[in-house]
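Spelled out, the chains give:
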Amino acid sequence: MNIKALFKSLLLRKFTTGLLILQLAITLGLLVNSSILAFDAKGKISQITGLDNDNILFMSTQPTSGSYRDLDYYRSIVTQDIEKLNQLFGVNSVSITNQLPIATQGMSTNIHDLDNPDQDRTDKYLQNVQYILTQENLADAMGLTLAEGRFLNKADQFDFGSEQKRNIVVTESLKRALYGDESAIGQETNIGFIVGVIKGITLDPTLPSDKQYGVFVNTVMEYIFTGRFYVLNVEPQQMANVRSLVSETILAVQAERDIFRVFTMQEHLHRFYRDDTGLADLFLLLCGLMLFITAISSYAYSQFHISRQQKFIGIRRALGARKKDILFYVLTENWLVYSFGCLLGLVVTIGFNILLSQYISLSKPDIALFLLAIGVIFMSGTVATWFPAVRTSNIPPVIATRTV
Amino acid sequence: MLSYNLKLAMHSFKRAPSLYFLVLLTLSVGVGLLCANLALVSSMAGDPIPEKSGQLFHVSMNTWPNDQPQSEPFHILRYREAMKISESDIPKHSAVFYASGVYARDSESESLKRFDSSVRATTPGFFPLTKAPFAYGNGFAKSSGMEVVIGAALNQKIFAGANSVGKTLELDGELLTITGVLKPWSLRPLFYHATEGRAFNLTDDIYVPLETAIDLGWSIHARTSTTVSYKGVQFTRDRDVFYLQAWVELEDKTKQEAFQNYLDNYSQTLKDAGEHPLDILNELRDVNTWLSELKIVDQKVLAFTLASVLFLCVCVFNASSLLLSRFHSAKFEVGLRRAIGASNKNILIQGFTESVLLGLVAGVVSLLLSWLFLKLSITFLPDLANIAVLDPKLLLLGMLLALVTSVSSALYPLYRANRFTISAELK
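These protein sequence lines map, in sequence, to chains L and E.
Under the numbering used here, the first residue of the first sequence is numbered 3, with each subsequent residue one higher.
Under the numbering used here, the first residue of the second sequence is numbered 5, with each subsequent residue one higher.
Honestly, the hints are just simulated from the structure, not real lab data.
Be careful, since some hints might not be right.
Lysine-lysine pairs mimicking DSS-like chemistry, simulated, CA-CA at most 27 Å apart [to be verified]:
#: 1; chain 1: L; residue 1: K16; chain 2: E; residue 2: K235
#: 2; chain 1: L; residue 1: K366; chain 2: L; residue 2: K44
#: 3; chain 1: L; residue 1: K44; chain 2: L; residue 2: K313
#: 4; chain 1: E; residue 1: K335; chain 2: L; residue 2: K313
#: 5; chain 1: L; residue 1: K16; chain 2: E; residue 2: K335
#: 6; chain 1: E; residue 1: K335; chain 2: E; residue 2: K56
#: 7; chain 1: L; residue 1: K325; chain 2: L; residue 2: K313
#: 8; chain 1: E; residue 1: K171; chain 2: L; residue 2: K167
#: 9; chain 1: E; residue 1: K146; chain 2: E; residue 2: K259
#: 10; chain 1: E; residue 1: K257; chain 2: L; residue 2: K126
#: 11; chain 1: L; residue 1: K313; chain 2: L; residue 2: K326
#: 12; chain 1: L; residue 1: K16; chain 2: L; residue 2: K6
#: 13; chain 1: L; residue 1: K10; chain 2: L; residue 2: K213
#: 14; chain 1: L; residue 1: K46; chain 2: E; residue 2: K56
#: 15; chain 1: L; residue 1: K366; chain 2: E; residue 2: K299
#: 16; chain 1: E; residue 1: K379; chain 2: E; residue 2: K56
#: 17; chain 1: L; residue 1: K156; chain 2: E; residue 2: K257
#: 18; chain 1: E; residue 1: K379; chain 2: L; residue 2: K44
#: 19; chain 1: E; residue 1: K56; chain 2: E; residue 2: K117
#: 20; chain 1: E; residue 1: K299; chain 2: L; residue 2: K46
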């Protein structure tokens, strides 16, 4: 194959070739970066949260009736709810809480060791520690594991209105921030005495993994109006069944309630990242469109080529080139264009990645993904050129003699 | 002449329908996608109240009681500062409010069904300040009293859109009388409460006097910061609980300066009393400054808009190379027309007519497609549902874009077609 001749032939069509190369480069840039977004989103969802992902069912609810302003009434209903939910077949444990893990907003507090009041000035994350109001069953319901000490128990729920210092449970990263490697059990903070430490759990995935600060207190019954979520630990094979029964179970206790959603931990994770996956999907859609448009271009490019070069190809055929030589010739010519496109695409990919990272967070392009994208472009391009290439190879040698 | 050119264009379309279809498709997909994104961006970056956005100011103050504030200055205020702002007669109007939520039903209805309603607990100045449009009745005159104003959507749900002024609503067990009903009211962005990711929420369902909501203990459904513990909103009046937002309407520079001084003097009295440990920093920001400071434009949408601009470029390239091949194969025809007397200018005008016609059709198709893409964007990014609106301005922009892209993609092919030598083509 005479590469020089190919170049010459390409130079004859500088404009269209240039356009196609640009187009290929942009397509490649978009393809690689969209895949990065898609992989990033997938990676986030499959991360380890330190929670019993498959077994947890949540129900978010809110009373609609004014009777609930009587907090004792409210508490009695919640107590009955928990009792009834516990009786459902397949339910291991039921608890109630003001906020869920894997969330960015919610109740928060500052925290420091009582002897070390400057701690939350040096670590600003200590000013914004998730404050989880719950009761004693949450560890079982969410499948929390303890690094040391114990979880909250019934006795940690003091008399309502008591000014007594509370017992609290903290997350492992919070314990490290406050006390390093020492034991935290019995230590006194501005919030209360630490009685337990929860092993690695993700509360807010947008924060670094060593800043997952959270405090658990047994006060949800006192401030019952904050108890928006029921947390159920369910046998996996009973999940569908329990899920279909929870709403009617609590509505049978008292009907004047709004049940917003019943969802699993897995769905909760997906919802948290739905913007990321949504964006990745949009980009992938754009990729599909782009590939389609580029395929049209490749097709048009080769088609245009035939119409202009019919005579020359005829001459070649007359001089002894076989059909498959011509086919190969047209394809090689396109492959050469794709190669230029991909080369320029490397620059576009990196440029586009930098540009996008001004707006959103995404990983750097890696070589494997880049090669894969090149593969896709070559494939779709070849498919698009195949038809015109075959047509070209079918040009009879007699064409050469038809025109002067 | 025009009709002749149009005839020729139609003729040309008929000769290569699949090619023109492809050009049409590429251009309209490109324009449609970009247009859909621009619709989202323009809703997000738009001015929600253009007639007086320069006169409405959000108030931020720096009255945190110790030297460890979570941010400086605070966009939320204590009750005492909020009252100080309400008292002032410098602003034409002022509004101090917090967001809450209750369940609502018609107290005379037999059904016990209650509707989840978002609540704005506010001083009466809110209505003139935001130019809330009333369908029936009017706003409440005082910050207290068992009265409410309701939004059109809630009025539709509970009273089927009828004039409900004078009726009584049961809100979390309390009875309040309706004094006014608003017309359908959309503010994009919701400038008066654009913090906490609410910039694209709908306007509220229920507007209630501030003191009434505090007395009834309607909980705060937005950011609260405090250094003390308290058992409910009814106990917040004399405590360091930060939860109220304030807006003032100041008509000119002198009033702005006067009000700034008013706030600074107030802070100084706090400082003199030893209650203001931080430096005095009171900020007034008008609607657009405030919104741009909050960075409410979704970065994801911006990123995607960037990608769709690139995509449109690709589409133009593609259309251009398609048209080039079309003009190339029409060489003979062009040569013939030149030979029998058409000037270069005639050929050029004819080419333009063709691309303008193509652009117009592409414009119409792209508007349909952009509507489709908007629907698609909402399925992928459900948070955008309230702002995915194609307004007339954008429809026009879409048409223009389609025309420009269509003409620009025909530029080079036309230039080439004009350089054909007659003799060579007719050989």
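Violating hint indices (sorted, rising): Going through the list in order, the structure violates hints 1, 3, 6, 8, 10, 13, 14, 16, 17, 19 and respects the others.
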